Each structure stands twice: as structure tokens, then as C-alpha cells.
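Engineer: Here is how the chains run, residue by residue.
2 protein chains.
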Amino acid sequence: MKKIIQNTLLGSEIVDILIEGRTITKVSPALAAEHPDARIINGENTAAFPSLINGHTHSPMTLLRGAGDDMALKEWLENCMWPLESRFTDEDFYWGGRMALMEMVRTGTGFFNEMYFNPHLMLKALEKTNLKARINFPVMDLNDLETGKKMWKDCERFFTETEAPEGVQLGTVLHSVYTNTRESLEWIRDFAAERELPIHIHVSETAREVEECRSANGGMSPVEYLKSLNLLSNRVIAAHTVHLSENDLAILAETGTAVVHNPASNMKLASGVFPYKALRDRNVPILLGTDGASSNNNLDMLEEMKLAALLQKVSFEDPTRLSAQEIFDIATIGGAEIFGTGGGAVEPGKEADIILMDLKSPAMFPAWNLISNMVYSASGMDVKTHISGGAVLMENFEIPGYDKVFEEAGRCARRLMS
Amino acid sequence: MKKIIQNTLLGSEIVDILIEGRTITKVSPALAAEHPDARIINGENTAAFPSLINGHTHSPMTLLRGAGDDMALKEWLENCMWPLESRFTDEDFYWGGRMALMEMVRTGTGFFNEMYFNPHLMLKALEKTNLKARINFPVMDLNDLETGKKMWKDCERFFTETEAPEGVQLGTVLHSVYTNTRESLEWIRDFAAERELPIHIHVSETAREVEECRSANGGMSPVEYLKSLNLLSNRVIAAHTVHLSENDLAILAETGTAVVHNPASNMKLASGVFPYKALRDRNVPILLGTDGASSNNNLDMLEEMKLAALLQKVSFEDPTRLSAQEIFDIATIGGAEIFGTGGGAVEPGKEADIILMDLKSPAMFPAWNLISNMVYSASGMDVKTHISGGAVLMENFEIPGYDKVFEEAGRCARRLMS
Chain A
106 MKKIIQNTLL
116 GSEIVDILIE
126 GRTITKVSPA
136 LAAEHPDARI
146 INGENTAAFP
156 SLINGHTHSP
166 MTLLRGAGDD
176 MALKEWLENC
186 MWPLESRFTD
196 EDFYWGGRMA
206 LMEMVRTGTG
216 FFNEMYFNPH
226 LMLKALEKTN
236 LKARINFPVM
246 DLNDLETGKK
256 MWKDCERFFT
266 ETEAPEGVQL
276 GTVLHSVYTN
286 TRESLEWIRD
296 FAAERELPIH
306 IHVSETAREV
316 EECRSANGGM
326 SPVEYLKSLN
336 LLSNRVIAAH
346 TVHLSENDLA
356 ILAETGTAVV
366 HNPASNMKLA
376 SGVFPYKALR
386 DRNVPILLGT
396 DGASSNNNLD
406 MLEEMKLAAL
416 LQKVSFEDPT
426 RLSAQEIFDI
436 ATIGGAEIFG
446 TGGGAVEPGK
456 EADIILMDLK
466 SPAMFPAWNL
476 ISNMVYSASG
486 MDVKTHISGG
496 AVLMENFEIP
506 GYDKVFEEAG
516 RCARRLMS
Chain B
106 MKKIIQNTLL
116 GSEIVDILIE
126 GRTITKVSPA
136 LAAEHPDARI
146 INGENTAAFP
156 SLINGHTHSP
166 MTLLRGAGDD
176 MALKEWLENC
186 MWPLESRFTD
196 EDFYWGGRMA
206 LMEMVRTGTG
216 FFNEMYFNPH
226 LMLKALEKTN
236 LKARINFPVM
246 DLNDLETGKK
256 MWKDCERFFT
266 ETEAPEGVQL
276 GTVLHSVYTN
286 TRESLEWIRD
296 FAAERELPIH
306 IHVSETAREV
316 EECRSANGGM
326 SPVEYLKSLN
336 LLSNRVIAAH
346 TVHLSENDLA
356 ILAETGTAVV
366 HNPASNMKLA
376 SGVFPYKALR
386 DRNVPILLGT
396 DGASSNNNLD
406 MLEEMKLAAL
416 LQKVSFEDPT
426 RLSAQEIFDI
436 ATIGGAEIFG
446 TGGGAVEPGK
456 EADIILMDLK
466 SPAMFPAWNL
476 ISNMVYSASG
486 MDVKTHISGG
496 AVLMENFEIP
506 GYDKVFEEAG
516 RCARRLMS
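Taken in sequence, the protein lines are chains A and B.
Counting in this note's numbering, the first sequence runs from 106 upward without gaps.
Counting in this note's numbering, the second sequence runs from 106 upward without gaps.
Keep in mind that the hints were calculated from the coordinates and are not lab data.
Keep in mind that this is a model prediction, so the values were computed, not measured.
There may be inaccurate statements among the hints.
Intra- or inter-copy, both count: the list cannot distinguish identical chains.
Said to hold, decoys possible - In silico EDC-like pairs for lysine to aspartate or glutamate, Cα to Cα no more than 20 Å straight-line:
1) K254 with E190
2) K131 with E149
3) K509 with E149
4) K179 with E317
5) K179 with E422
6) K465 with E503
Given only the sequences and the hints, what does the whole structure look like? Please build it.
Structural biologist: So this is what it looks like as C-alpha cells:
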């Protein structure tokens, strides 16, 4: 069915946007009269932007939002997150995932790169929406080879049994070098190479991780160790990458590995400052991500853009670093190109992955520079309408089915709290 | 008229909150039946918190939101802000101010400490709402004594002619040591001492300001220079205070001067990192502020709390620094005590300065720790109802009169853009 977004601001012009199937087919003023059969989506007092691309998150952890804060990383993981996660049932993965999807729809994320246990339940959660994602099967053997071997089998079965719906990609996860045997790292390397699958992995998030890797692996940093295993390539997306040596930077560049900046998490856990300019100067592909709701504590990519820009400016004592346009491009067209979503820009030929921002919100007023308002002023709550792959997921702040998901996820959260 | 907020979550209990006049008089479950004459404010699916206290802002600069970003401070001020501000008419001060008030109502700020030109127009803007504020008359003679003398007269006239409405306080502003003659600094000191007025001033925002002050004043830092003029006391609120020596810290502590942290502005302009712990350890009274919308770029105190906590953690490599509860207290009860607003907590005897947060928003879900959700997850757009001094300024996301202000402020902004 045809849809038309009527009278929305795109750049500096009020236009109509024609959507046929999953695709934007025409952008021009006054299209509605030519297409009387189209469903009209009201765009008055809105500005159209591509929806945002979240490069790294752990969706079901929405159930753990606020369960532990202001703690040292080790204490937080060992005494708070892991014990709670160990109590997750299938219902928690599913409804936690669906609640995260609701938050993404609400706050304008159109695609996300997922890293969590039980990806088949996240895939099931995704059936209920048209949101796009890369869902990755995780291997994390905690340095036990028997566990690893079992996970390899589960991984093979997952890829044999799973067919991804349109707009959803499948990939693999290696949680990190420190939570996997060398055998599991190599097994995933070969498995992913054979099937041309992406690999998502945490790399050099903390100074301690780097130190321990150097101790355990003959002085090699995590990046060097992964390179020595022939595990880096343009199919690999490395999350965090806070602590990088000159040699690490060169390796990431030469292998075509992409990296994900997670400013809120890096700040909240005091992990450190992402070396944005050093990576950009070497043309390393850069993504932006929220990490999970337990270390952020939200999935709001608009806030994440602001944090990224502000953290670079203050850390390197230079207010011109990482401009609004630059971080906006990373979170939209840049991410779309890295993941091959087909979206990332509001123009004919692109997938209709579109958010309409409420121009009557104080944060979007006035219109000196709407990209600046998006990055520095607006929150995800200023997203008024959300379209993904041509499907209307939220219109005029209303998300069909929200109450049911809120209730079921609430039931799961209360059980975890008890 | 009596009002009752019915069935809101306060701490861990669902209660009704009785408001008589400006004051909270009772908090208890099921009060509505006892007071059939009270106006009912629906509190279902909300949590009640005190509204937030913004320690430093420049309200009418909402009209300049996004007019210049990602620029070095000097270029930004001289080529962007000052030329635009020089074109402000009375209408711009008034409608820019009213639009800022709308943003504060929308995002949960109940009191703000204002620093801008033409405070009589901000007072006029305030007549249309019940928001609380301290409105300060500014002296900034740009080191010209004749200008200064004219400003002293204007200042005297302002205090002779102006009667502040209930909930509004009056004070003075010295923009900074570098934008005023010594004579103006001393004149305000004496004028404020005589009338027991507060003084609001920018202090040691940038390293350059400190260097230039040391050069011009025999090696003294701005804090030392102000102390030498006998200009620091518990009536003084110093904004920014990023670059402080050990001696500066001691002086602030011994004089009882309060300071305002403005993390978004300090980060965006790359001014530096506020020495929170050093100030707290010396019991210097600390406030939180947004600065103006041109350097933030919003007036959202919920976002500001998150930025404050995250900036301390990452800058001092310690995730336990500046906890959610600590920054929440600064932005509520701490600020309320410093300004003497009478509010700052939802309990009997306090002024009814209350916000109801939407518990159905993804950011407030689930309820492991609502203070954590307020600080790390929610945005000001999750405020559902806002009560100030007993008056309902926003109910169920609706602000009476919003459209008119949006339209008039839009007209002003478009003229400035042309």
C-alpha cells in the first residue's frame, strides 16, 4: 500500500514523501493530490530525518535498568548483573527484548546491532515489529573448552534452523578475548568466514582488559591478539575500543574492522575516552551505540549523539571536535552503509526508515540548524512518528500494542526484583 | 482552593498529596474521600518528585538555540552570539523568556537563577506563570566607567521600581571580573551589602580567563581578586568555577560562596571539568545549572544531572563518583535550601513544587531505583504534570497557552534569522 507523509520539513523545504512498499519513491511538494489512494501520514509541524542506527546494544537488559549504578565495573558485573542475568527465563529474554524494541521505536532507533544470550527469542520479539536489526549468536565459553564445544553446536544449529525475516540480518558474537578460549575464537573465525557472517566482539573496553590480555598473550593487546589469530576483517565490528595503541589503530585500519563508540557506558563505568579523531584520521569505520540499558541507562540515540560530541570536546580541550553534522552522519547514513540497511537518508531509492521530529517541542525550537537541535537539544522523546521499512511503528506518539508489552515486561521485572 | 494529587508513587508507596494554597499539607493514601471539595489531579502511573532547581541560566537565549555550535569560545561569542544579541528587541527578551519558561515547565524545572539583560522583561514574562525564580539585575560595563555609572543608576532604579511577585526573588549580577571595571565590582558589592542582595557572577570558567586575570591583577586568580575586593560571601553564587587552585578552593569554602556546575556548557565549549569532589570535600555549597540554550543546547535539568554524574566518573576514572542520589539532591533539596524556595522535597510543610514523572515511559521502566531512572535514563520530556507553588502549570503533558508563546517566539526567532 502507498503511503504519503504530508507536509513535513525536509532540509529547508516542506515536502510530501511517497512510500511504496518498503521504499521511498518520491520526495516533492504536494504529492498527495496525485495519489488519492495513498494512506496519509500527517507531517505538519514535523521535520523528517532518517531513523538512527544503534551499533551496539544488549536489548533484554532493559529489565535491569537501574538495578545497579555507581559501582566499580567488577563489583557491578559480579555482584549485580551476572546474578540477575542468571535468573533470566525465556520470558525475560522475550519481554525484555520487546520492551527494548518499544523504547527504540519511541526514541527513533530504526536498526540495532544486538549482543545477548538466546538470540532466537530476540528474533521472536522482532516478529512483532518491523524494526531492523542484526541479531548475533553469542559464543562466550568462560574459558572452558567443553562449554565452548557445546556452544559451537548450538551456533551451528541456530544458523541451520533460523531464517531471518526481511530487514533482519544474522551474525555471530564473540563476547571478548577474555571470556573465550582460543579454540572458540578460532572456531567462530572459521565458521563466520565460511558463511561470510559478521562477528561482533567487545574489544579493549577497559585498561584492565588490555593489561590482562598483554599478560596472558605474550605482550599482545586485544587488537594484536585478534590480529594474530587472523580474526579481524571488514566483517568484524568491535565495540568500545577505548584503549588503543598506535599499533592497534594501524591494525584496525588495515583490516577494515569497524568500531562502535559507546560514550554513555564508557563514562558511567569510567572506562575511558574513545580515541575518535585517531580512528577517524585512519579511516576506521565508526559506529555509535548505546550499550545496554544497565550501563547507560537508556537506548536513546539522540542523547548518545550529544554525549559523543561533548565528550570529545571536553576531553581534547577543543570545542570544534566531532561536530553535530559529523556525529549525526555516523548515527544515520554512516551506520546504514556499514550495516547495509538500505536506509540512512530520506531520499528516493532509500528504504523508508524515517522519523518525524516534533517541531513544536521546545528542544526543536527555533530552526537555526535542525541538525544541531537533533544532536545537542532534542531527546528521543521528541520523535513523533516512526516509520521502518515502510511500516508505521509509531504515529503521533502512539505505538500500537505498547500497553500489553509494558504490562508483560513489568511482570518479568517484578519477578526479578523479588 | 484545595488540590489532591491522587494515586501517585512517592518513594515506594502509592499516596494522595493534599495541597492547600501554595503548600503541601498532607501526604497519605486515600485522602480524596476526606476532601470532596478538592480538585483532583490524576497521579495514576506517575511518580512524584520535587521539581528541579536550575542554578544558572540565560533564559531569552532560547531564541539563539543552534545559532552557532562547534566553534571556539572567542569566535562563537564575537562572531555569533554578541552580534545576534545586539539585535534583540524588547519583544525578543520577553518572548524568548516566555519560551524558556515553557521549556522549563515542560521539562520539570521549578526554580531558576537568571542572568541576562533587561530583567524587567523577564519579570514581566514570569507574570504569566507561577514558576519560581531569582531574577538578577546585570552590571557589565565592558571596562568603561561611564557605561558602568549609567548601569549603577539603572540598577538603583530597578530596585526602587520593582516589586517581585510571590515566589520570585531579586538579586544582582556582575557578569564577570573581566567584563567590569573595578569600580563597578565595588559598587555592586556595596549596593548588594546594603540591601542584603545576592550577587551572581561567572567565575573561572576557562583557563584563559584565569590567566588573563592573573596578568591584569598582580598574579591573582579571579577568586583571589574577588576576595581581595571583599566580594565573596554567602550571598554570592559563582557560575562555572572550572579552574580553581587550592587557594581558590579554600577561599570559596571560608567565604561561604556557592558555586554552580554547568556540565553541558563546560563540555560543549571545552571549558574543562568542574572539580566536584574538591569542592564537596570542603563543604562549598554546590548547585547544578544548564547555562543558556545557546551553549547547552537545552534547559533540561534531567539531562544535566546525567551529564554531571557521567563527566565526574570518566574524568576521574572512578565509577563511584557523584552518585545518582547525590546529584539528584543537589538539583532538588540542595538547591531549594540555598535559594530558600521553600520546596525541594515532597512532604508536608514544603511548598508544592512537584513534578509527576510518567512511569509508563520506557525510560522510567522498571522501578528498581526511581532516582537512578530520573538521573541516568529519563529526559525532561518524561515529566507529565508540573505543579509550582501549588499552581498546576502542566497537566498530562498539556501546558495552557503554549501555542501562543510558541508562535510569538517563532516570529521573534525568524526576524533574528533574517
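Engineer: Now tell me if each hint is right for this structure.
Structural biologist: Hint check:
1. Taking CA atoms no more than 20 Å apart as the test, K254 paired with E190 passes in neither setting, with 22 Å inside one copy and 67 Å between copies.
2. In the homo-oligomer, the alpha carbons of K131 and E149 lie at most 20 Å apart inside one protomer (18 Å), although the nearest pairing across protomers, at 44 Å, exceeds that limit.
3. In this assembly of identical chains, the alpha carbons of K509 and E149 lie at most 20 Å apart only when taken from different copies (17 Å versus 29 Å within one copy).
4. Taking identical chains as interchangeable, the C-alpha atoms of K179 and E317 lie at most 20 Å apart only when both belong to the same chain, with a minimum of 14 Å there against 44 Å between chains.
5. For a Cα distance limit of 20 Å, the shortest separation of K179 from E422 across copies, 14 Å, qualifies, whereas the shortest one inside one copy, 30 Å, does not.
6. Both within a single protomer and between protomers do K465 and E503 lie at most 20 Å apart by alpha-carbon distance, with minima of 17 Å and 13 Å respectively.
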